[in-house]
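**Student:** Turn these sequences into a full structure, and let the hints guide you.
Number of protein chains: 2
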Amino acid sequence: MPSWLKVAVVEPTGVTGSEIVRILDERNFPVSELVLLGRKRSVGERVEFRGADIPVAALDEGSFSGVAIAFFATDRATSGKFSPMAVSAGAVVIDLSSCFALDEQVPLVVPEINAEKIRTHRGIIASPRGATIELVLPLAPIHRSARIRRIIVSTYQAVSDSGEPAMDELTTQIRDLFNFRDVTLAVYPHQIAFNALPHISSFTDNAYTEEEMAIIAETRKIFEDRHMRICATSVRVPVFYSHAESVNIETARKITASQVRELLAQTPGVRVEDDPSNNLYPTPIHATGNDECFVGRIREDLSSDNGIAMWIVSDNIRKGSALNAIQIAEHMLNSQP
Amino acid sequence: MPSWLKVAVVEPTGVTGSEIVRILDERNFPVSELVLLGRKRSVGERVEFRGADIPVAALDEGSFSGVAIAFFATDRATSGKFSPMAVSAGAVVIDLSSCFALDEQVPLVVPEINAEKIRTHRGIIASPRGATIELVLPLAPIHRSARIRRIIVSTYQAVSDSGEPAMDELTTQIRDLFNFRDVTLAVYPHQIAFNALPHISSFTDNAYTEEEMAIIAETRKIFEDRHMRICATSVRVPVFYSHAESVNIETARKITASQVRELLAQTPGVRVEDDPSNNLYPTPIHATGNDECFVGRIREDLSSDNGIAMWIVSDNIRKGSALNAIQIAEHMLNSQP
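Protein chains in written order, with the working numbering: chain A, 1 to 337; chain B, 1 to 337.
There's no promise every hint is true.
Remember, identical chains collapse to one label, so a pair may be satisfied in a single copy or spanning two.
Simulated crosslink set (SDA-like; lysine to any residue; CA at most 25 Å straight-line) [to be verified]:
#  : residue 1 : residue 2
1  : Lys-254   : Met-213
2  : Lys-254   : Ala-207
3  : Lys-40    : Phe-29
4  : Lys-254   : Gly-80
5  : Lys-40    : Ala-52
6  : Lys-254   : Asn-206
7  : Lys-254   : His-227
8  : Lys-254   : Leu-302
9  : Lys-254   : Val-47
10 : Lys-6     : Leu-102
11 : Lys-6     : Glu-45
12 : Lys-254   : Asp-305
13 : Lys-254   : Met-228
14 : Lys-40    : Pro-84
15 : Lys-40    : Ala-207
16 : Lys-254   : Asp-205
17 : Lys-254   : Arg-149
18 : Lys-40    : His-190
19 : Lys-40    : His-286
20 : Lys-81    : Gln-266
21 : Lys-254   : His-190
22 : Lys-254   : Asn-28
23 : Lys-254   : Thr-204
24 : Lys-254   : Arg-226
25 : Lys-6     : Glu-210
26 : Lys-6     : Leu-263
Keep in mind that the hints were calculated from the coordinates and are not lab data.
**Tutor:** What follows is the structure, encoded as structure tokens:
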């Protein structure tokens, strides 16, 4: 690959796509030309990048000519259709749609954990969903040190996950409630304002949601442990940015809360915020806009001999999607011969 | 006890106290005279009951003369000081402050589970905290049927728990944010609007909060099992009314999700709402104002051989406090000779 690259972002006007454009600039990613590609709705819109207003072009078969890296910040169907075209045109696809996350041919990468998998790609590299990234990032060093046998996670997920319309829905519902008007529903099946919905993505036949099953499958794939016991409950809460997770783990070897704190203090990408006596613990509002995954409330699980409970929060749009994808691209460049 | 009673409510202008006054009317509780007692701040305020505006009198040693039942919807210190005076004056105290919840001399009662304990009182009967009530109510029949060995619960708790000032704080913070003003903090140590705080009540030496330790201790007391393994993570979310709980249990004997659904369908005080294909599951908005404890997302825990995961929601001010206290009083009257 040349040292300056033609880079494409698919759906650059969405919540994640626009964050990718911002972070490419912020981290001085070596972009020689930025190609912005969208479906009908966004074609012709302009997105600012390094002082230039770049128009969004229509996504089609010819879009990827000369593109070295294409970020797909789009839905599964769009990624499923256009990613192979991008690969055929010679681009490396970094897919954020979860379309390829569980494909055995596709590496699923959180660079702090398994950057070495990047080299095995055949054109597509998948970035996991936000709820998975913030779960595995702090658990990885614990797994290496004490072998995690079981994970139980309950999430508190932000609406920005569902894009701009969901953020508008939360805002509008609150405004309507404050003005004694009826609430209207569009993105979510129930009111999200002042509510909590145990329902993210679609339900599957086993009464879990796709999101819950994907957290389980992605975590197993990243930890390369098909039999790791995991249960997830995914809940949408009226928070704009940053997912929180209440996590209980059981390990094969005993590890204490203070050992976990020490391990995590040395883990790249993780920041320990754990001083309850000073009301210090992670919260979505404080995590938002930061690159790290914040961990606090680290304590021994009172219901288990070898258990740890903790509270994890990370910006779902940064490390939870856009940043992780760009870090994958950075690792790819740095490992070029 | 006579069939019509002089009843006292301590702190009748608070969120819980005013709900007690409303429910006494709603359920035609046999009140011959309602005595409203408050600390300085609320003395002289008037509360409507059955068409009369009753003034709040100052709480003092002589307040309980002739009172048969006194509901203490107040803080621990006030209950600790005045409950014994009420008992000395001949009243039965139903305490909602959690001051006496773990006192071995005091029955801790959820009438659907252990109404028989009411008879053992020595003047004070404790009503558990809301997060405990909605946890034990649906778990009790499962415990009887399959013996629960372990409970892991993560809560999504409403601000009304912290009283009117907390509800005002959530409202004001949102209004300020919508008007680009700085947010001010008073009740909670961090912004509660669009946030999630893993911090309810105070932290104890073992890195758990008092709320979490109380959920554990109260559940063990109600189930009369000092060794039941329980871990709790209590989280405040920007919801006005109704607590939600993500619960994972392990049982000694295998029980399937459909057996749990059948059991709970027959459990008084519990309503199963569990039809994901029609987006039917409990939410705080829909539970609010209802008496039942709603249970959904019932499924086998994928991380355990004998495990069940579920999602429980109940109105923290009704069954979670005021209603449970009044049900205790009703049981007491009905079991009079």
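**Student:** Against the structure shown, which of the earlier numbered hints fail to hold, in ascending order?
**Tutor:** 3, 4, 9, 10, 15, 18, 19, 20, 21, 22, 25 and 26
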